[in-house]
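If you count the sequence shown from 1, position 38 lands on 23 in my numbering, and the numbers rise without skipping.
Any given hint could be a false lead.
DEER-style ranges, computed between Cβ atoms [unchecked claim]:
{"id": "1", "residue 1": "17", "residue 2": "59", "range": "50 to 58 Å"}
{"id": "2", "residue 1": "45", "residue 2": "23", "range": "43 to 51 Å"}
{"id": "3", "residue 1": "6", "residue 2": "57", "range": "31 to 39 Å"}
{"id": "4", "residue 1": "-12", "residue 2": "19", "range": "41 to 49 Å"}
{"id": "5", "residue 1": "22", "residue 2": "-6", "range": "41 to 49 Å"}
{"id": "6", "residue 1": "42", "residue 2": "-12", "range": "25 to 33 Å"}
{"id": "7", "residue 1": "12", "residue 2": "55", "range": "28 to 36 Å"}
{"id": "8", "residue 1": "19", "residue 2": "-1", "range": "27 to 35 Å"}
{"id": "9", "residue 1": "36", "residue 2": "60", "range": "13 to 21 Å"}
{"id": "10", "residue 1": "-8", "residue 2": "25", "range": "37 to 45 Å"}
{"id": "11", "residue 1": "24", "residue 2": "45", "range": "29 to 37 Å"}
{"id": "12", "residue 1": "20", "residue 2": "55", "range": "42 to 50 Å"}
{"id": "13", "residue 1": "57", "residue 2": "9", "range": "33 to 41 Å"}
Everything labelled a hint here was simulated from the structure, so no lab data went into it.
Computed from a prediction, not measured in an experiment: that's the story for all the values here.
No residue lacks a Cβ here, since even glycine has one placed at the ideal position from N, Cα and C.
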Amino acid sequence: MDVLTKLVGVVGGVFAVIGLFSVLTGAMNFFTGRKNGNGNKVDEGVESMVSGGIMAGISAGVTAAIIAAIQNIKF
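Make a model of the complete structure from these sequences and hints.
Now the structure itself:
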């Protein structure tokens, strides 16, 4: 069970990092669009930041719930 718990933790961590990178790239798009007066780029940046933050939060929460459920399994 320890191997499975670690595997789930690693996979959940990877998804959280992907979400956080999406937040970072969205912020870069947002500030670039705002600097150049490009409304579409600003909108894309905001959308990327929001969806990335949601992905990071949900993946961290779901990972914690799965690990807790795995640890409750008794043989």
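Check each numbered hint against the structure and report the violated ones by number, ascending. 2 and 9
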